[in-house]
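Sequences listed follow chains F and S, in order.
According to our numbering, the first sequence is numbered sequentially starting from 1.
According to our numbering, the second sequence is numbered sequentially starting from 1001.
Please keep in mind that the hints were generated in silico from the structure rather than gathered at the bench.
Even for Gly, the Cβ is constructed at its ideal location relative to N, Cα and C.
Take the hints with a grain of salt, since some may be wrong.
What the hints assert, rightly or not - Take a look, some chain F residues computed to stay more than 10 Å from chain S by CB distance:
id: 1; residue: GLY9
id: 2; residue: SER26
id: 3; residue: SER44
id: 4; residue: GLY65
id: 5; residue: GLU66
id: 6; residue: LEU90
id: 7; residue: SER135
id: 8; residue: SER142
id: 9; residue: ASN160
id: 10; residue: ALA171
id: 11; residue: ASP190
id: 12; residue: ASP210
id: 13; residue: GLU225
id: 14; residue: ALA226
id: 15; residue: VAL235
Unchecked claim - Derived coverage of chain F by chain S (criterion: at least 3 residues anywhere in the stretch with Cβ under 8 Å from a Cβ of chain S; other residues may be distant):
id: 16; region: 69 to 80
id: 17; region: 100 to 112
What the hints assert, rightly or not - DSBU-like, lysine-lysine: derived pairs with alpha carbons at most 30 Å apart:
id: 18; chain 1: F; residue 1: LYS107; chain 2: S; residue 2: LYS1219
id: 19; chain 1: S; residue 1: LYS1261; chain 2: F; residue 2: LYS134
id: 20; chain 1: S; residue 1: LYS1219; chain 2: S; residue 2: LYS1232
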Amino acid sequence: MSPLLELHGVEKSFGAVQVLRGVDLSVHAGRVTALVGDNGAGKSTLVKGMAGIHLFDAGDYLFEGEPVKVTNPKDAAALGIEVVYQDLALCDNLDVVHNMFLGREMKRLRLVDEDTMEQRARETLDGLSVRTLKSVRTPVASLSGGQRQTVAIARAVLWNSKLVILDEPTAALGVAQTEQVLRLVRRLADRGLGVLLISHNLNDVFEVADDIAVLYLGGMVGQIEAASTTRERVVQAITTGVVPEGGAA
Amino acid sequence: MSIDTDDPTVAAAPDPEPDNSLGGIFRAYLAKLRGGEVGSLPAVLGLIALVLVFSSLRPEQFTNSFNFANLIGQSAGVTVLAMGLVFVLLLGEIDLSAGFAGGTCAGVLGVFLTRQEWPLIPALLAALLTGALIGLIIGLLVARLGIPSFVVTLAAFLGLQGVLLTMIGEGGTIPIRNDFINGLNNANLPVWLGWVLGIVCIVGYAALTYITDARRRAKNLTVQPILLWALKAGLLTVVVLAVVGYLSVERSRNPALTSLKGVPVSLVVIVGLLILLTFTLTRTAWGRHVYAVGGNAEAARRAGINVFRVRLSCFILCSTMAAVAGIMIASRTNSVNPNTGGETTLLYAVGAAVIGGTSLFGGKGRVIDAVIGGTVVAVIDNGMGLLDQPQGTVWMVTGLVLLVAASVDALSRRRASATGHV
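Looking at chain F on its own, in the form it has when it is part of the complex (with noise of 0.2 Å):
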């Protein structure tokens, strides 16, 4: 099966700068890859130009086998790619119902169509087996760290999305928190999307992750299968860019 989204010699510089020297990267339907990698590694300047925030210097950037120009939000979210970012970009003072349609609310007759958002919000929480929401229509400024993450996961599912980015979900998060947040990315990939999990928790990658693609000072390592490998190998691939003697690249 050919990957759902395929990066190909990706390059990005800011001024002097190179920050990405010809990443590849691939991500399957079905599948959690997880993006890995130091600070400064490049991740996050990776998943902007997926999401059309920078746009890459060079390199051919495939969307389920055809090559697509990405160049701003809205052109990933046409293709079906969402994106979680870390700090979640969400409006404290609006509620969950209006977070999760922020900028694409449903209209009737030229207005706000409050019921049938609010039907669909509930649906898409229920079809994630989110059960820790009372209320869709409190605002989200009242909400637990990993109530918001699951705002946000949901936000991005809301939208039949065949790619979800998430961007380090489970960092501010507790134990318990983690946990739950975890076993809804293994649910999104399970209902057939791809999920891109970029972390630095090497115990959530092991725990949900299919893939693991390794990130070093701007290029990559390589893209290893989670189960053929071992904390120790991913490790050291994370500090000193090459991938050790053993593991299937």
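Please arrange chain S on chain F, whose structure you already have, making use of the hints.
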């Protein structure tokens, strides 16, 4: 708030049966207040307190219906200005130039209507377009160039003051003789029409909210308890009937000479704008985007909202509303002078919006806040005047009230962030 604790392992049933009794509604409201969501409550309580104080100190003058109608007319300009300012404040920005923008637009109206003898409609359009143009320039400087709105509008405040002075001439006055313009803030509706409009408001509100609630209940969506609907509709009925009733009383000192009764046209203008702007802010996607940009501009940008356009449109709307306010002020005095929209107009308007519960930090506020706050400011101004207080005292008291309102805003935000509400 019906949200469970931070522990996500405690999976709660999605739709707990809400407590729909009177006590339940009251407890839910108290919980909201404790969470820091005070809304307009301080302003409403303050208004009641002020009215009680002035009524007891000057029972003859303050509470008579002549003064009541007078108060509405006096406050119309400031209230309309504040309604426009709400949109800019919602973004977390400020418009210091709105007062003189209104004055300048009134000046444009005066020049075309009186000096050039244009017909009413083109002159009125010219005034409103001037407002939109001022807003466009301010909005471009703030949203495109990224100059802080405080500085841009401070410059515009000084500049427009100069434009108005140049247009009218030192010490000059442009009289306005058009009956429609002068009627806006001086005339009264026929008594029967006041009653009809009042009843339309009550029935319209009650029916629309009831139908919406019933539809949502049928679809199993979140909905307010019927009792709460009844309380709100009942409260609105009492307020509207009381206001219309009181304004329908003969208030002329010499009824044989001229009869003064009926709802002032200015109140119709205020309520009309209130309904229109509230509808725009709460029911259109653009309105949602204004709140989103005010709450988290970066999140709005990433969600694909054109933040620049939202900002620009809010400044344009604010200055256009300032034009309406300027016309209301000119109508009151039947003239335009270099001080129209000057002095305390803008400060009162910003104060009104904040006193009513609009946050200076952006993202929180309603159009009705401006009306409630505007009424508070007007009552202080009017009541203190009746107490024969010198202007100095009036300003000191108004300043103090504004300070209290801003403190309530800041404290409720602290309370809100401590309890996790906004």
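Hint-by-hint comparison with the structure:
Non-interface status of F:GLY9 relative to chain S is upheld: no Cβ of that chain comes within 10 Å, the nearest being about 27 Å off. Under the 10 Å C-beta cut-off, the non-interface status given to F:SER26 relative to chain S holds; the minimum distance is some 25 Å. For F:SER44, the non-interface assignment is confirmed: its Cβ lies about 13 Å from the closest Cβ of chain S, beyond the 10 Å cut-off. At roughly 26 Å, the least C-beta separation between F:GLY65 and chain S is larger than 10 Å, which holds for a residue marked as non-interface.
In this structure F:GLU66 is separated from chain S by more than 10 Å, as the shortest Cβ-Cβ distance comes to about 22 Å. For F:LEU90, the shortest C-beta to C-beta distance to chain S comes to about 6 Å, within the 10 Å cut-off, and the non-interface label is violated. Remark: the non-interface label on F:SER135 conflicts with the geometry, its nearest Cβ contact in chain S lying 5 Å away (cut-off 10 Å). The claim that F:SER142 is not at the interface with chain S is violated, since a C-beta of that chain comes within 10 Å of its own (minimum 5 Å).
With a closest Cβ-Cβ approach of about 17 Å to chain S, F:ASN160 is found to remain outside the 10 Å limit, as its non-interface label requires. Every beta carbon of chain S lies more than 10 Å from that of F:ALA171, the smallest distance being close to 16 Å; the non-interface claim holds. No Cβ of chain S approaches the Cβ of F:ASP190 within 10 Å, the least distance being about 20 Å, so the stated non-interface status holds. Chain S leaves F:ASP210 outside its interface by the beta-carbon criterion, the shortest separation being 25 Å against a cut-off of 10 Å.
Every Cβ of chain S is farther than 10 Å from the Cβ of F:GLU225; the closest lies at roughly 31 Å, confirming the non-interface assignment. At roughly 26 Å from the closest C-beta of chain S, the C-beta of F:ALA226 stays outside 10 Å, upholding its exclusion from the interface. Once the 10 Å rule is applied to beta carbons, F:VAL235 is consistent with being away from chain S; the minimum gap is 30 Å. Counting residues of the region 69 to 80 of chain F whose CB falls under 8 Å from any CB of chain S gives 3; the rule of at least 3 is met.
A stretch counts as covered by a chain when three or more of its residues have a beta carbon under 8 Å from one of that chain; for the region 100 to 112 of chain F and chain S the count is 8, and the coverage holds. For the hint pairing F:LYS107 with S:LYS1219, the CA-to-CA distance comes to about 17 Å; that is within 30 Å, so the pair holds. For the hint linking S:LYS1261 to F:LYS134, the alpha-carbon distance of about 52 Å lies beyond 30 Å, and the restraint is violated. Only pairs whose Cα atoms come within 30 Å are accepted, and S:LYS1219 paired with S:LYS1232 is accepted, the gap being roughly 23 Å.
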